[in-house]
Structures are given as structure tokens and as C-alpha cells.
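Protein sequence lines correspond, in order, to chains A and B.
According to the working numbering, the first sequence holds residues 275 to 385 in order.
According to the working numbering, the second sequence holds residues 11 to 122 in order.
Please keep in mind that the hints were generated in silico from the structure rather than gathered at the bench.
One should not assume that every hint holds.
Covered stretches of chain B (in silico footprint by chain A; criterion: 3 or more residues with CB under 8 angstroms from a CB of chain A, positions within the stretch not fixed) [as the list claims (entries may be wrong)]:
(1) 29 to 36
(2) 51 to 62
Using 30 angstroms as the maximum straight-line C-alpha spacing, the simulated DSSO-like pairs for lysine-lysine come out as follows [stated by the list, open to error]:
(3) A:K298 / B:K77
(4) A:K342 / B:K12
(5) B:K114 / B:K12
(6) B:K77 / A:K342
Examples of chain B residues toward chain A, derived with CB under 7 angstroms [said to hold, decoys possible]:
(7) F71
(8) P109
(9) L110
Glycine residues also receive a C-beta, built at the ideal position from the N, C-alpha and C atoms.
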Amino acid sequence: DAGVIQSPRHEVTEMGQEVTLRCKPISGHDYLFWYRQTMMRGLELLIYFNNNVPIDDSGMPEDRFSAKMPNASFSTLKIQPSEPRDSAVYFCASSTRMGAFFGQGTRLTVV
Amino acid sequence: QKEVEQNSGPLSVPEGAIASLNCTYSDRGSQSFFWYRQYSGKSPELIMSIYSNGDKEDGRFTAQLNKASQYVSLLIRDSQPSDSATYLCAVNPSSGNTPLVFGKGTRLSVIA
Chain A
275 DAGVIQSPRH EVTEMGQEVT LRCKPISGHD YLFWYRQTMM RGLELLIYFN
325 NNVPIDDSGM PEDRFSAKMP NASFSTLKIQ PSEPRDSAVY FCASSTRMGA
375 FFGQGTRLTV V
Chain B
11 QKEVEQNSGP LSVPEGAIAS LNCTYSDRGS QSFFWYRQYS GKSPELIMSI
61 YSNGDKEDGR FTAQLNKASQ YVSLLIRDSQ PSDSATYLCA VNPSSGNTPL
111 VFGKGTRLSV IA
């Protein structure tokens, strides 16, 4: 398996624009997580899905953030409108009971 | 609020020494524990898991768990410069396959 695949790897956008991050989890993993990492706050859980159903989105910072998982092999995290304080690395991870496995991340810069 | 605490470091050790990384957690019912290594600019990589009290060895790495003290550690023997990274402790809270709670990580620097 190729592991968790995220795209794009880097995204630079202007404030106010819509940003969509994409994730393909490892086949057979029934949990998918979106994390955000900054130097100040470390790794923060934004939202997670079980069998494509959102379970807990309490970590989503504002209504500007939304996430979907239309099927077992694809998820998106959308920010609309984006703001400079959204600049961070966004990780997608999928898991079994043996642990969570991370994608390479998307480095988002909002200018 | 479930919390995982780690010393942010940096922890500096000479090449060939033992590096000891420590982590405490607040949820007494936690069942599984993980160590991730994250190189600068890269994603976290799972390197060790431990589920029961005691030691678990994998090559140069040993994870130690003490549930009574709510403490988990990672020992790296014969440290190499390539071990220089941030090490994240992660805990699975008591309720099954739920999201891991991560510490903020300890930055390790192995000096050649």
C-alpha cells in the first residue's frame, strides 16, 4: 500500500480564497483523522471520521472549516474563506488499533 | 480534558549514549501508547507501540510503560545523529479506537 496520500503538498493562497485539501487513506482503515500542526500549538485534532461518518468535529476552529468523506477512499478539508492564521501544516491520518499512520501533509500558507 | 505532557527539550546527547524521552498522561484508563518520530519538515512516523506494563524492545528502541504512575518512556540506545528529530508521545484514551492524544513532542539532538 502506498500509505496515506495527501494533495497538494504545498498551497499558497491569498486571504479570502477557498482552499481544499485532499486525502486518500490506507485501504481497509476505517478511521480517518485531520490534524493541524503549528509550532505554537503542536498537533491538534480537527475532525475524525469512522466508516465515512463524522464522529467529532469539536476541534474545527470555526465555521470556515468543513470536512467531508464521501467514500472510504477520499476525504476533503475545506477552508472558506481562508485567513493568514490558518497557515499551518495539515495532516491526514488513518488508523487501525495498531496506531495511526500519517500522510506527508499539506503546508498551507495564506498571505 | 485528556492531556499528554512531554518536556519540549531540546535534549542533547552525545553519539553512542542512551537518550531517554519521557511522557506523562492524565487519563488513567488509557490502554495503548505510541511513540512517533518526526523529522523536520516531515510527517510523524510510528516507531513504537506498547500496551502493557513493562518494557518492549525493538532494535535500539525500548518503550517502557508504568500505568500506575501514568508514565511512558522511550529509550534510544547507541544514539546516532540520524536519531535527531522530535519524538511525539501519543495515547489512546480508554474508549476504544478513538483519536490519539498527542504530546507536543521532545526535540532530540544527537551530537557527533
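So, going through the hints one by one against the coordinates:
no., hint, result
1, 29 to 36, "violated (count 0)"
2, 51 to 62, "holds (count 6)"
3, A:K298 / B:K77, "violated, 35 angstroms"
4, A:K342 / B:K12, "holds, 26 angstroms"
5, B:K114 / B:K12, "holds, 13 angstroms"
6, B:K77 / A:K342, "violated, 37 angstroms"
7, F71, "violated, 14 angstroms"
8, P109, "holds, 5 angstroms"
9, L110, "holds, 6 angstroms"
The structure is inconsistent with the numbered hints 1, 3, 6, 7, although it conforms to all the rest.
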